[in-house]
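Q: On the provided structure of chain A, position chain B as indicated by the hints.
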Amino acid sequence: MTSSDLNWDVIVIGGGHNGLVAAAALAKSGRKVLLLEAGNEVGGAARTEEFAPGFRVSAVAHLLNRLHPDVVKTLELERHGLKVERGDFVPSVALSKDGPLVLHGAYGEVLTGASPSEQSAWKELRAQLLRYAGVLKPFLSRRPPDPGNMSLAGMTGLGQTALALKKLGKEDMRDFLRVLLMNVYDLLDEQLSDDRLKGLLAFDATLGSHLGPRSPTSLLGLYHRLAGEVGGLSGAQMQPKGGMGAVVAAIRAAAEEAGVSVRQASPVAKVIVEKGRAVGVVTQNGETLRARTVVSAINPAAGPREVDTGFVRKVKNIRMKGDAAKLHLALDRPPQFIGVDAADHKGRLVIAPSPDHVERAFNPSKYGEFSPEPVMEITLPSFVDPSLAPSGACVLSAVVQYAPYALKEGWAAGKPQFLEAIMKQLEIHAPGIGATVRHAELLTPADIEARYRMPGGHWHHGELQADQMLMSRPVSGWSGYDTPLEGLFLAGAGSHPGGGISGAPGLNAARRIIAMRA
Amino acid sequence: MKAWDAIVIGGGHNGLVNACYLQRAGLDVLVVEKNDWVGGAATSRELTPGFLYSNCSYVCSLFRPEIMRDLELPRFGLQVISYEGGAVFTRDGDYLANYRDHDAHRREFARFSRRDAEAYDRYSRDVTRQCRFIQPLLMRTAPDPTSFRPRDLGELLYLGRKFAGLTAEEMALTLRFWTMSISDFLDEYFETDVIKANFALSGIIGTALGPMSPGTAYVLLHHYMGEVDGSVGAWGYARGGMGAVTKALAASFRASGGTIRTGAEVDHVLIRNGKARGVVLSGGEEVYGKLVVSNADVKRTFLKLVEEKELPDIFLRRVRNFKIRGSSGKVNIALDSLPEFPALPKDSPVYRADMHFTDSIERMERAYDDWKAGRWSADPFLDMMIPTTLDPTMAPPGKHFMSCFVQYAPPKINGRDWTDADRDGFAESVISQIAQYSPGFRDRIVHMEVRTPREIEAEVGLTEGNIFQGELTFDQLLFNRPVPGYAQYRSPLSGLYMCGSSTHPGGGVMGAPGRNAAAEILRDLAKPTPHMSPAHDVI
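Chains as they are written, first to last, in the working numbering: chain A, 1 to 518; chain B, 1001 to 1539.
Only chain A is shown next, with the shape it has when bound in the complex:
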C-alpha cells in the first residue's frame, strides 16, 4: 500500500450522472473524493455518443424532464454550462392517422388538435395530476420513510405530506387516496374521450416499466413523470443542446471544481471489507484504494456480495429486466411526420394511438415476445442542435416499448425483425423515412446491459413499480442509501427515487453520508 492510497475520504464507484452528483456534493462538503469510472468516459447512459460518422445522439436518456432543482442549485449547474430557458421547452405530439394532437408548454399547458370539450376535460385532469404529483414531489428529495424506525425527520416528512394532503381539501384528498394505486387506463377513461390524448398519457405512465396501462398502479408512473420539473415548471421537457452529454459535462465540471478526482477506465473488481466495514476497493488492474466511505453509484445487483444473505436474496429478487429499446437513425434528410408543423418536429413525437394499442403492445412482452406494432417516443435532436448531424442530415432518437430483456427467440435472431416492425410504424407516420436511413443502431435491453453495465438493461436499475418504490427501493430495510456494510452506501438509480436524469438518488445519498458524518 502506498501512502497516497490513504488520501481519500470517499471513493465513488461509477461515473454515471448520479455518481458524479454524489461525488460533487460530497466534495463540496469538504471531503476528498475519488470517482472511479469503468468506461473510457463518464456519463453512463447519459452520454452523447457518435453512432455513425458525423451523427451524435444522447445514448439512452434523450429528454431532460426531471433534473432535480436541488441538484441544479447545490452544484450550481447553470454556472457550469447548463442552460435551461423557457424557449427550449418542447411539445409532446401524439401521432395518429386522425392527425396529431399537441401538448404545448409544460406538459400541455395548451392543448391543440382536440375538441373544445376535450380541451376543458384535459385542463381539469392536468391540474389534478399536477396537484397529486405535487403531494408526492417532496419525497423525491429525501430518504424514504422507514416505517419500522421512525426518526424525527421521517415523522416530520410524513407530517408534511399529511398536511399537503389536508390542503387538497376533503373531496380532493379522497380522490387522491382512491386513484393513488389505480391503473392509468381507467382514470383516463373516467375523464377523457380522445384516444390520441389517452394513448399518449398511457404511454407516458408506462414508459420504462413492465406494466401495461391496464395494470393496477400504472398511474404512479405518470405521477413520477409529473413530479419531475425543468426550469421550475412541472412536466416541462427539453432536448439539451449537445445532447445529454452536455448535462453530464456540466455536472462533471461542478465535481471537478469541487475537487473530485475522476479516473476513467478504472473498473472496480471488489469492495474491501474488513470487520463488516467497507474500507476501500480493489480495481481490476489490482490497485488497492482505501477510503473511509465507499459509495456505489452503479446498479445494486452489480454491487458487492460480501454482505449478509438476507440482503443478497432481496437484491436478487429486485425485478430489473428492461423493457425498452433505443433506436438511433442517421437520416440523409429530416423526415416529415404527417400533419406535424416545423416547430413541433423539435418536440417529442409519440406513437401510441390509444390506450388499447399500448396495452396490446404490452401483452407479448409478458411472454418474452415483442409486438408487431411497437409504441415509441421519438425525438429529432438535430432539429434542436444542428451540430449533432452533418449539414442537411438528421438524427432520429427513439425509445421503443416493449422490448423484453429476455426475448424468447434471443435478440440475435429477433433484432432485425424488431427493427423492421419499428420501421413499419415510422413509415406510417413519416412516409419515405425508410429510404433515407443511412445507418440504424438499435440497442435492445441486452445491448444496453452490455454497453452501459446495467444488469437487465433497465434504465431505472430496477422496475419502478409500487412494490419497488420508497421504503422498498432498492430493497426493504435498506432504502435509505445505507447497506448492511458500514461505510458502504448506494447512490444509483436503483435507490429511491429511481431513474431518469434527476441526480436525486446521488444527491440524497450524499446528504445521508454528510448527515452521518461518514
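Mixed in with the good hints, there may be bad ones.
What the hints assert, rightly or not - Derived Cβ-Cβ restraints for the label pairs, each shown as a range:
1) Asp1417(B) / Asp189(A): 12 to 22 angstroms
2) Ser117(A) / Glu1046(B): 47 to 57 angstroms
3) Glu85(A) / Glu1169(B): 43 to 53 angstroms
4) Ser117(A) / Pro1439(B): 54 to 64 angstroms
5) Ser1432(B) / Gly159(A): 56 to 66 angstroms
6) Tyr367(A) / Gly1440(B): 31 to 41 angstroms
To be verified - Calculated cross-link-like contacts (lysine-lysine; reagent style DSS-like; alpha-carbon spacing at most 30 angstroms):
7) Lys1323(B) / Lys167(A)
8) Lys1309(B) / Lys1002(B)
9) Lys137(A) / Lys1162(B)
10) Lys1162(B) / Lys314(A)
11) Lys1002(B) / Lys170(A)
12) Lys166(A) / Lys1323(B)
13) Lys1162(B) / Lys1527(B)
14) Lys346(A) / Lys415(A)
15) Lys1323(B) / Lys1275(B)
16) Lys1323(B) / Lys123(A)
What the hints assert, rightly or not - Far from chain A, by Cβ distances over 12 angstroms, these chain B residues were calculated:
17) Ile1081
18) Gly1085
19) Gly1093
20) Asp1101
21) Asp1121
22) Arg1239
23) Phe1341
24) Val1450
Calculated directly from the structure, the hints in this document are not laboratory data.
No experiment lies behind these values; they were computed from the predicted model shown.
Backbone N, C-alpha and C fix where the C-beta goes; we use that ideal spot for every residue, glycine too.
A: Below, chain B without anything else, positioned relative to chain A:
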C-alpha cells in the same frame, strides 16, 4: 298502513345476515327478494330432476364463524363438509396435488423441485402472517382517513397499532403485498411453473385482472382468509349446495320473527324530503319502512333504484366510476357417473376437491388477454369440482353434480351483448378442456346450465355479472369501498344503507358486509348489540 322498522332489498346472503342481526336487535324487518327463492348468488336450485346445483357460488370457507355462531346457523341446518385441497393437472399427464397437511404438501412439491419444497415453508409463514394482520379488519368498519371524528381517529389508531405490531420486515411485506402481482410474488419463492400456477389461481378468481397484474397478491390473501371448523385457509362444501347457507339464514331470520317476501322486485326506493321511506315494488305497490338497506351492488342501488336528482353529483360520479366488471362464468353439469381422470389414482382424494387444468401462469395470463380483448378464452382457467363425492344429497345415487367456475368471461363480446351462440361457444371451450383430461367425459353429461355474465346479471342482479359486486383493487378497498366518503355502509340519503359485497370487506360468501352494516345501523338507532360477537383473531 304498516311501516316496517327496516326493509332489506335483496335476499342474498349479506341481505339475510343483515336482516337477521337487525331482527334480533328487536326491529321488525322485511326482506324483499325479486326471485321466487332467496339466496342471491348463494343458492341451490334443481334445474333437472334429482340434481341440486350450486348455481353460482360453489364452495364455503370465507363465511365468518362469528356470524355462523351468532345466528345459530348449524341449528338451522347448515353443515359444512371440508375437503382436502385438490390438484392441478399438467399437460404431460402428471398432476400436482395439494394436501392440508403441511408436510405432505411439502413432499408433493419435492416431487417437482426440492428448492420449491423448502421455499414452501417460508411462503406459508409469510402468507399466514399477512392474513393475521388483515383478518381482524374484515369485521370492522373502515375508518374515514379524511375525518377527525374520534371514532375514525380511533379506528385509524387501531390500524396504526396493528401495523406497528409488525416487525419492519413484515411491514415491508405488507406494503408490497398490496401492490404486487401474484406472479412476481410467487417468483420470489418458487421456480416451478405448475407450483406457481397452483397458488396463483387464488389471486385471480372473480377478478378482472391477470396473475401478472399488480394487486393480485392481495386478492390471494382475500381468498386465504377463510376457515372451516377453525381450520384457517380450509375450504368446504355446504351440504345441499351453497343454497344451504342462505336457507339456514332465512330459517334463522324467520325463527326470530322476520318476514321475507319473494317474487317482489323493487322498482325504486321511496324517497321523501331526502329521506328513504320505503320501497316501491315493480307492480307499483308501496311498502313503507323507517329505513331501507340495499343488498344490491352500489351501481344497481344508486343508478337504478334511486333517482339521480336525489343524489349529490360527486357521489354519482364516484358511483359511475366504480369498477364492477364481469370476469367469470359458470358451467354446472349433471353427470350420470363419476368422470375418470387417468392421471389420478382410482381412489384419489383429488376427486373430492378442486381440480385445475391451467399448469402455468402464462396460460392464465393469456386467458386474461382474451378477456381484455373482449372474448372468452379457448384455453380458459377452470376451478372445477364434484361436490357429490362428499355430499350425496345433491344428486341421485351413483350420479354426480359438477361445478365449473370459468375465468375469464367478459361482460360484453367485442363490445356487444352475449348471444346464445356465444354462450354455447363458451360452454364448448370448457367441455373440451375437461374432455382432454377425462376421456369419455362428454358422454356422461345429462344436463348442463351455462352462466355467462349475462345470465348472472339477469338472474342474480349482479351488475356485469361481477361476483364480488366490484373489483377488489386498492382503489376499491377499505375506505375506498364502495366509494370514498361512503365506506361506512351509509349513503348520502338519510335512512338508506348498503350491506352488499360492494361494501367493505368485499365479496365472497363471507357475511361480513351484512354484519358490519347492521352494526352501523344499530349504532345510528342507539340500539345495544349484545347479540353481535366482536371479530375474533384466530390465526
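Q: Hints first: check each against the structure and report whether it holds.
A: Results for each hint:
1. A C-beta distance of roughly 20 angstroms is found between Asp1417(B) and Asp189(A), which places it inside the suggested range of 12 to 22 angstroms.
2. Checked against the given bound of 47 to 57 angstroms, the beta carbons of Ser117(A) and Glu1046(B), roughly 54 angstroms apart, stay inside it.
3. The hinted range of 43 to 53 angstroms is satisfied by Glu85(A) and Glu1169(B), whose Cβ atoms lie roughly 48 angstroms apart.
4. Between Ser117(A) and Pro1439(B) the Cβ separation comes to about 59 angstroms, which falls inside the hinted range of 54 to 64 angstroms.
5. Between Ser1432(B) and Gly159(A) the C-beta distance comes to about 60 angstroms, which sits within the given range of 56 to 66 angstroms.
6. About 34 angstroms separates the C-beta atoms of Tyr367(A) and Gly1440(B), a value consistent with the hinted range of 31 to 41 angstroms.
7. For a cut-off of 30 angstroms, the pair hint linking Lys1323(B) to Lys167(A) stands: about 28 angstroms separates their Cα positions.
8. For the given pair, Lys1309(B) sits about 27 angstroms from Lys1002(B) by alpha-carbon distance, which is consistent with the 30 angstroms threshold.
9. A threshold of 30 angstroms between alpha carbons decides the hint, and for Lys137(A) with Lys1162(B) the separation of about 28 angstroms falls inside it, so the pair holds.
10. Of the supplied pair hints, the one linking Lys1162(B) and Lys314(A) holds, its CA atoms being roughly 25 angstroms apart against a limit of 30 angstroms.
11. This hinted pair does not check out: Lys1002(B) and Lys170(A) have alpha carbons roughly 41 angstroms apart, beyond 30 angstroms.
12. Under the criterion of a C-alpha separation no larger than 30 angstroms, the hint pairing Lys166(A) with Lys1323(B) is consistent with the structure, at around 26 angstroms.
13. For the hint linking Lys1162(B) to Lys1527(B), the alpha-carbon distance of about 28 angstroms falls within 30 angstroms, and the restraint holds.
14. Our distance criterion of 30 angstroms between C-alpha atoms is met by Lys346(A) and Lys415(A), whose separation comes to about 28 angstroms.
15. In summary, the hint linking Lys1323(B) to Lys1275(B) is supported, as the alpha carbons are separated by about 27 angstroms, within the 30 angstroms threshold.
16. Distance hint between Lys1323(B) and Lys123(A) is fulfilled; the C-alpha atoms sit about 24 angstroms from each other, no more than 30 angstroms.
17. No beta-carbon of chain A is positioned within 12 angstroms of the beta-carbon of Ile1081(B); the least distance is around 36 angstroms.
18. With a cut of 12 angstroms on Cβ distances, Gly1085(B) stays outside the contact zone with chain A, its closest approach being about 27 angstroms.
19. Every Cβ of chain A is farther than 12 angstroms from the Cβ of Gly1093(B); the closest lies at roughly 24 angstroms, confirming the non-interface assignment.
20. Consistency note on Asp1101(B): stated as away from chain A, and its beta-carbon is indeed over 12 angstroms from all of that chain's, at 28 angstroms minimum.
21. With a cut of 12 angstroms on Cβ distances, Asp1121(B) stays outside the contact zone with chain A, its closest approach being about 15 angstroms.
22. Consistency note on Arg1239(B): stated as away from chain A, and its beta-carbon is indeed over 12 angstroms from all of that chain's, at 38 angstroms minimum.
23. In this structure Phe1341(B) is separated from chain A by more than 12 angstroms, as the shortest Cβ-Cβ distance comes to about 28 angstroms.
24. Distance check on Val1450(B): its Cβ is at least 27 angstroms (rounded) from any Cβ of chain A, clearing the 12 angstroms threshold; non-interface status holds.
Consistency note: the structure conflicts with earlier hint 11 alone.
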